[in-house]
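Based on these hints, arrange chain B on the given structure of chain F.
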Amino acid sequence: MHIPDGYLGPTTSGFFYLVMLAVWTFASKIVKKTLKAKQVPLLAIGAAFSFLIMMFNVPIPGGTTGHAVGGVLVAILLGPWAACIAVTVALVVQALMFGDGGVTALGANSFNMAFILVFVGYYVYRLISYNSPATSARRVAAAGIAAYVGINAAALMAGIEFGIQPLLHHTASGQALYCPYGLKIAVPAMAGEHLLVFGWIEAVVTALVVKYLQKQDPALLAFAKETPL
Amino acid sequence: MKTVIKLWIGMGVLIVISPLGLILPSHFKAGSAWGEWGTEEIAKFTGYVPSGLKKLSGLWNAPLPDYAFKGWEAKGMAHLSAAYIFSAVIGIAIVGVLAIFIGRLLLKKKDER
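Chains as they are written, first to last, in my numbering: chain F, 5 to 233; chain B, 124 to 236.
So here's chain B without its partners, still in its complex pose:
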């Protein structure tokens, strides 16, 4: 079997177990990554929210924030895990297509010369 196909099968396995990246931090009561806190957490740590940070933090509304559906924050781990897998599939599809597009674009220009 071609290596790339085998590697994609490996990716499929990783997608299925990707919710571990959600469940393990929650199980071991780990918080956000360092420097990736929301404004409430910042306020808790330092007693205030820096004004520039407050202004910029809501700048971008991602369609699948934190690899979940909007409004699912309070849902249980099963729902969040399903959303996580869904996010992984969507994300990989977009990343893969973009990379192939860029790759082809760069190849094409070489041929034209």
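In isolation and in its complexed conformation, chain F is listed as follows:
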């Protein structure tokens, strides 16, 4: 889901940089008020986990690859604003150090994976887990479903961003200037592979870690309870 340089035109890249500038500014204001000193190590391992889990490319035999993002898990532990910052850090390092995701596309990639994925996932988790105790089976299910919905929302966004490029930018003869595939191809491709395969990986990873933390340290799952919607 890491859009490389050259697939998005300047309008789309610029637009998402502006949107994310506002989101990052707001996120740092919120996190400044809510972050506790003991949560800083968790922020670091959350960002590192997101970075690492994205290296586990899962193949669709003979087709494409994809991966989990881990952003919903970080949101469950630290809230969506801190998770937004954590996943952004992972995405920045991936783009600059490893060429995974474009530098010009960093705004859009952050919008998809550090904003949409994280927030959609977090609120689905809150909605489903509602008032259930931190150690309930319902929390595990909520985490899995939230992760699945979150990554699919992000994949849909990426599909739309790819797909509008031929509409926005083309030559007089109709050749695309950036991503050559329109909405009819990009959206089913991005949404389909995540609905069928990669979404389940995000779901299983997230649910398993939440289940582990329920046994190991349920206090870490208290964020949702302590924070009003």
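What the hints contain is simulated information worked out from the structure, not anything from laboratory work. Built from N, CA and C at the ideal position, the CB exists for glycine as well. Be aware that a few hints might be false.
Below are the EDC-like pairs computed for lysine to aspartate or glutamate, each with C-alpha atoms no more than 20 Å apart in a straight line [unchecked claim]: (1) B:K129 <-> B:E163; (2) B:K125 <-> F:D221; (3) B:K177 <-> B:E159; (4) B:K177 <-> B:E164; (5) B:K129 <-> B:E164; (6) B:K178 <-> B:E164; (7) B:K193 <-> B:E163; (8) F:K188 <-> B:E159; (9) B:K129 <-> F:D221.
Estimated spans, in silico, between C-beta atoms of each pair [to be verified]: (10) F:L172 <-> B:A201: 40 to 50 Å; (11) F:F30 <-> B:K231: 15 to 25 Å; (12) B:K178 <-> F:L171: 11 to 21 Å.
Partial pick of chain B residues on the chain F-facing surface, computed with a CB cut under 7 Å [said to hold, decoys possible]: (13) V136; (14) L137; (15) W157; (16) E159; (17) G170; (18) S174; (19) L179; (20) M200; (21) A201; (22) S204; (23) A206; (24) I208; (25) A211; (26) V218.
Same frame as chain F, but now just chain B:
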């Protein structure tokens, strides 16, 4: 043992097995992720390379492109796996330090107020 330490041990295990993210796609003959093709692949699919894409695609020269060392593309899976693990360690170190730095920065401002 503190949870965070246990989680870091888990991360260590994941780092060691991270080359699976390289080996499995290669074994099952899966190509690039959708929309992450290089210009040659695009040309193969559509018959041309969009001019804007061509111009921007080489914009950034990452020090460890695709989690490997430059010029290692033709090396075998053992070399690439080693580079992948190295990339994971370096990447996690930078990500971790940056996150702690940002975390501390945000905490500090709270204390000043």
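Consistency of the hints with the structure:
Annotation: proposed proximity of B:K129 to B:E163 is violated, straight-line Cα distance about 44 Å (limit 20 Å). Taking the CA atoms of B:K125 and F:D221, the gap is near 9 Å; set against the 20 Å cutoff, the hint holds. Under the criterion of a C-alpha separation no larger than 20 Å, the hint pairing B:K177 with B:E159 is consistent with the structure, at around 13 Å. Among the hinted pairs, B:K177 with B:E164 is consistent with the structure: their alpha-carbon atoms are about 12 Å apart, no more than 20 Å.
As the CA atoms of B:K129 and B:E164 are separated by approximately 42 Å, the hinted pair breaks the 20 Å bound. With a C-alpha separation of about 16 Å, the suggested pair B:K178 and B:E164 falls inside the 20 Å cut-off, and the hint holds. Pair hint B:K193 plus B:E163 holds up; C-alpha atoms about 18 Å apart against a cutoff of 20 Å. For a cut-off of 20 Å, the pair hint linking F:K188 to B:E159 stands: about 18 Å separates their Cα positions.
For the given pair, B:K129 sits about 11 Å from F:D221 by alpha-carbon distance, which is consistent with the 20 Å threshold. At about 44 Å, the CB distance of F:L172 to B:A201 agrees with the hint of 40 to 50 Å. Checked against the hint of 15 to 25 Å, the C-beta distance between F:F30 and B:K231 comes to roughly 19 Å, which is consistent with it. Between B:K178 and F:L171, the C-beta spacing of about 20 Å keeps the proposed range 11 to 21 Å intact.
Against a cut-off of 7 Å between C-beta atoms, the interface hint on B:V136 is violated, since the closest Cβ of chain F lies about 11 Å away. Interface hint status for B:L137: upheld, as the beta-carbon distance to the closest one in chain F is roughly 5 Å, under 7 Å. A distance limit of 7 Å between C-beta atoms decides the matter here; for B:W157 the minimum to chain F is near 5 Å, and the interface restraint holds. Taken as an interface hint, B:E159 checks out: its beta carbon lies about 6 Å from the nearest beta carbon of chain F, inside 7 Å.
Against a cut-off of 7 Å between C-beta atoms, the interface hint on B:G170 is violated, since the closest Cβ of chain F lies about 10 Å away. Taking 7 Å as the C-beta contact cut-off toward chain F, the hint placing B:S174 at the interface holds, the least distance being around 6 Å. Taking 7 Å as the C-beta contact cut-off toward chain F, the hint placing B:L179 at the interface holds, the least distance being around 4 Å. Annotation: interface hint on B:M200 violated; nearest CB of chain F at approximately 14 Å, more than 7 Å.
Interface restraint check for B:A201: the shortest CB-CB distance to chain F comes to about 17 Å, outside 7 Å, so the restraint is violated. Interface restraint check: B:S204 against chain F, minimum CB-CB distance 12 Å, threshold 7 Å, status violated. At about 11 Å, the closest approach between the beta carbon of B:A206 and any beta carbon in chain F exceeds 7 Å, and the interface hint on this residue is violated. With a least beta-carbon distance of about 10 Å to chain F, the hint placing B:I208 at the interface is violated under the 7 Å criterion.
The beta carbon of B:A211 comes within 6 Å of a beta carbon in chain F, closer than 7 Å, and the hint placing it at the interface holds. A hinted interface residue such as B:V218 counts as satisfied when its beta carbon comes closer than 7 Å to some beta carbon of chain F; here the least separation is about 5 Å, so the hint holds.
Of the numbered hints listed earlier, those contradicted by the structure are 1, 5, 13, 17, 20, 21, 22, 23, 24.
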